[in-house]
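Participant: Listed below are the residues making up each chain.
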Amino acid sequence: MIIFDGVEKRFGENVVLSGLDFTVAPGEHVTLIGPSGSGKTTILRLLMCLESVNAGTITVGGRCLTHMEKNGRQVPADEKHSREVRKRIGMVFQQFNLFPNMTVRGNLIEAPTRVLGLSKDEANARAKELLDLVGLGEKIDEHPSRLSGGQQQRVAIARALAMRPDVLLLDEVTSALDPELVAGVLKLLHDIGESTDITILCVTHEMGFARDFSHRVMMFDGGQVIEDAPPSKLFSEPDHPRTKEFLKAVLDRG
Amino acid sequence: MGWNWSFAADVFPILLQGLVVTLQLTVLGSLAAFSLGLVLALLLRGPRPVAVVVRGFIEFVRSTPLLVQVFFLFYVLPDIGILIPAYWTGVIALGLHYATYTADVYRAGIDAVPRGQWEAATALSLPRSRVWTGVVLPQAIPRVLPALGNYVISMFKETPLLIAIGILDIVGQAREEGGRFFSYDEPYTIAGLLFLALSYPASLLVRRLERRVGTV
Chain A
1 MIIFDGVEKR FGENVVLSGL DFTVAPGEHV TLIGPSGSGK TTILRLLMCL ESVNAGTITV
61 GGRCLTHMEK NGRQVPADEK HSREVRKRIG MVFQQFNLFP NMTVRGNLIE APTRVLGLSK
121 DEANARAKEL LDLVGLGEKI DEHPSRLSGG QQQRVAIARA LAMRPDVLLL DEVTSALDPE
181 LVAGVLKLLH DIGESTDITI LCVTHEMGFA RDFSHRVMMF DGGQVIEDAP PSKLFSEPDH
241 PRTKEFLKAV LDRG
Chain B
1001 MGWNWSFAAD VFPILLQGLV VTLQLTVLGS LAAFSLGLVL ALLLRGPRPV AVVVRGFIEF
1061 VRSTPLLVQV FFLFYVLPDI GILIPAYWTG VIALGLHYAT YTADVYRAGI DAVPRGQWEA
1121 ATALSLPRSR VWTGVVLPQA IPRVLPALGN YVISMFKETP LLIAIGILDI VGQAREEGGR
1181 FFSYDEPYTI AGLLFLALSY PASLLVRRLE RRVGTV
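For the record, the sequence lines run as chains A and B. If you read the first sequence in my numbering, its first letter stands for residue 1, the second for the next number, and so on. If you read the second sequence in my numbering, its first letter stands for residue 1001, the second for the next number, and so on.
For reference, chain B alone in the conformation it holds in the complex (with noise of 0.2 Å):
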């Protein structure tokens, strides 16, 4: 076999392609995380009886695979009327997925706003909301960005999962072209080599942005 330059130049423009879906997955998928994390880590802070099953919730999605919770969104609920396309379900399946993880670190984050601060909101009377959007959120959420820009990296390299519904990614992509030709070491070299590309150099803005803000 060995390595063929002009195959490579040829399936690379098609690879990109699929890296912008894989891009677009990430970012959509990290925008539903970060909202509905923020929002269960807010439901976890509720009455108890809220908080009881909202962390139910979080430890069942987190000891079931996230495969699995693909197949289910794309393959079960159908069974009862939902149908949802597979661009849709992955975003889906990696945003309720990784809310699971963010959730919590929105707690630590939380958690580590002094109580000064609460006390000072409440003699000052600040209403609730007001307390949590002006006061304990702008606190909490730069000291968690690094530990949430580590579950966007790692959710980057999860979407390949994705190509198990079909979701031409870039790794879905690799695999088309690699069929059609009988060679896979090009296209897979170089999908791997373009995680590299950006994960590397996220890991590294990440742990910048750590020194700068601590942690928590």
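Same shape as in the complex, but just chain A (with noise of 0.2 Å):
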């Protein structure tokens, strides 16, 4: 579903992510973890097009998202053929960012009936059915400033899903929030997980979820995949001491 072929990302003269390869497969939750400033989250931005690489090419659905054709060679994307193959994915941010501007319901129904070409009330009736399963049905005619922050990761879950996306991003979903309303966002999470086939791709802290969630994680250190396995082995048994480092920082800090 998901193909890194040797990208390269920097910062200036920071090199954030050098010469990574990885796929994910379809319907596969992978998590990815390690320090801050490892390139989890830049991954998660360059699959979403919030920032550019440098080199190497990113294939989602088997379409590329970094390149086109023109006139028979390959360029970089455009603005249009990169919202074409990304229209296929979705992203739930760290802070929400849920449109202050709008209703519930307009947050829900903007994308599919702009972007997907849904008919008004196709629009609602996904609106009201994705609301009933993150439990706020109720909430439809209300400002996002009036809900507290799990209920806004939750309108932002509802609306990311609203697109049908075939790839879901989880960007540190929970850090913002207060610790008792993580884990009601977490379960959430999890029965999404279990309930649909969407490839999701997670960075998150929460090392309990992502074993739970997971199929696969891999740990981040200085922009390169260190290591790549399931959840029971690498919280069990980690082979490289920078894992065993960092998980002993994380789960000593819990």
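In case anyone wonders, no lab produced these hints; they're calculated from the structure. Positions of the beta carbon are idealized from the N, C-alpha and C atoms, including for glycine. Please note: incorrect hints may appear among the correct ones.
Stretch-level coverage of chain A by chain B, calculated; a stretch enters the list once three of its residues show a Cβ under 8 Å from a Cβ in chain B [stated by the list, open to error]: (1) 82–95; (2) 104–116; (3) 124–132.
Between beta-carbon pairs, the in silico distance windows are [as the list claims (entries may be wrong)]: (4) A:P179 - B:R1062: 48 to 58 Å; (5) B:L1209 - A:H215: 46 to 56 Å; (6) B:S1063 - A:E13: 36 to 46 Å.
Join the two chains, each given in its own frame, into one complex according to the hints.
Facilitator: Okay, structure coming up:
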């Protein structure tokens, strides 16, 4: 479903990702862990075209995201091409990023009507269904500012799902929540993971969630994958000394 | 000389006629300044060469007096065949001049929209035009309404400048009437009081708006 091939990303002199290769199978849940600044979030941002690669290619669902064919040559993708490929990718952000000038309903029907061309009725029905799924059916006409952080993040999840994405990117989605709200959001994501076949790429510091939720965990350090294993293996008997060190630090803190 | 109440009562309706012209000029000038300012603000975010040219234009207009711009439009443009009636010259001059200020007001409002909003809109694949009209501007504009309001008030107070090209706004009428009866006390005093009667409540309104929306 997702192929990173020799991806390099620099911010000025700072090399964030170098020669990164990995693939994610359809329906797979992959969690990216690692110290901050290790490039995990950059991977999600590259997939969402919020950043562009300096070298290498990214392919999603058989279509190249970073490049396109023009006159028989591969050239960097333009806005239109990347928007087309990206339609199948949804993202949930750490800071929710709901549109405060719209109601919950407005947030949910905006992209389905404008981008997918759904009718208002279809989009409304979909919004209602998704809000029920995230347990906020009665908040459909509220403004986001009147919701708690946990509720806002649930709406953001519903908003991403309203596009029926093949790939869902979760960027530290519980990091900005009050501790008592984290479990509910994680439970919701777990249920979504169980009940759909969406490919999910997740950056999180919640190791318990990573262990239960993922099929695979990738440990990042210095812009590269230093360990890639099922959670049962990676969390209980990691191979790489940096992984051990990182897990120890994270678990001690928790 | 001294104050003559009956003369004051006579000129009052004439001054009100002038006030209508002043208000028309302010409203039309504001509409021009609001829309042109928005265009300039968007161009400032465009490709670098465009932004540089627009910034140059803005600085040029701001660094020259409004009166010189009015004279330029009214007396110089006809030399190259562009003849604009005085009234519309006034509207264009006010709109153009103030657009260079509202442009930066909009810019500040747009900059204050969090990056996450752009990113969420991108993540939903919204087309660029919709990101502006559906997400960014509806958040940016309410925040800058007080600042725009302040420019409307100062434009209102600057319209009398247009008597220089013969527009009979409130001050123009006051000068005419005063000149006719060789008594300027009443017309200018009333004109001043009328400005005060409108500007002061308007500025209170803007201040209330500021408290409501916060400032950028």
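Participant: Could you run down the list of hints and mark each one as holding or not?
Facilitator: Now for the hints, and whether the structure bears them out:
1. Against chain B, the segment 82–95 of chain A contributes 8 residues with a C-beta closer than 8 Å to a partner C-beta. That satisfies the three-residue criterion, and the hint holds.
2. As drawn, the segment 104–116 of chain A meets chain B at 4 residues by the rule of a beta-carbon pair under 8 Å; at three or more, the given contact holds.
3. Remark: the segment 124–132 of chain A is not confirmed as covered by chain B, as 0 of its residues place a Cβ nearer than 8 Å to a Cβ of that chain, below the required three.
4. Against the hinted window of 48 to 58 Å, the Cβ-Cβ separation of A:P179 and B:R1062 comes to about 52 Å, which satisfies the hint.
5. The hinted range of 46 to 56 Å is satisfied by B:L1209 and A:H215, whose Cβ atoms lie roughly 54 Å apart.
6. Our hint of 36 to 46 Å for B:S1063 and A:E13 holds, since their Cβ atoms are close to 39 Å apart.
Consistency with the previously given hints fails for number 3 only.
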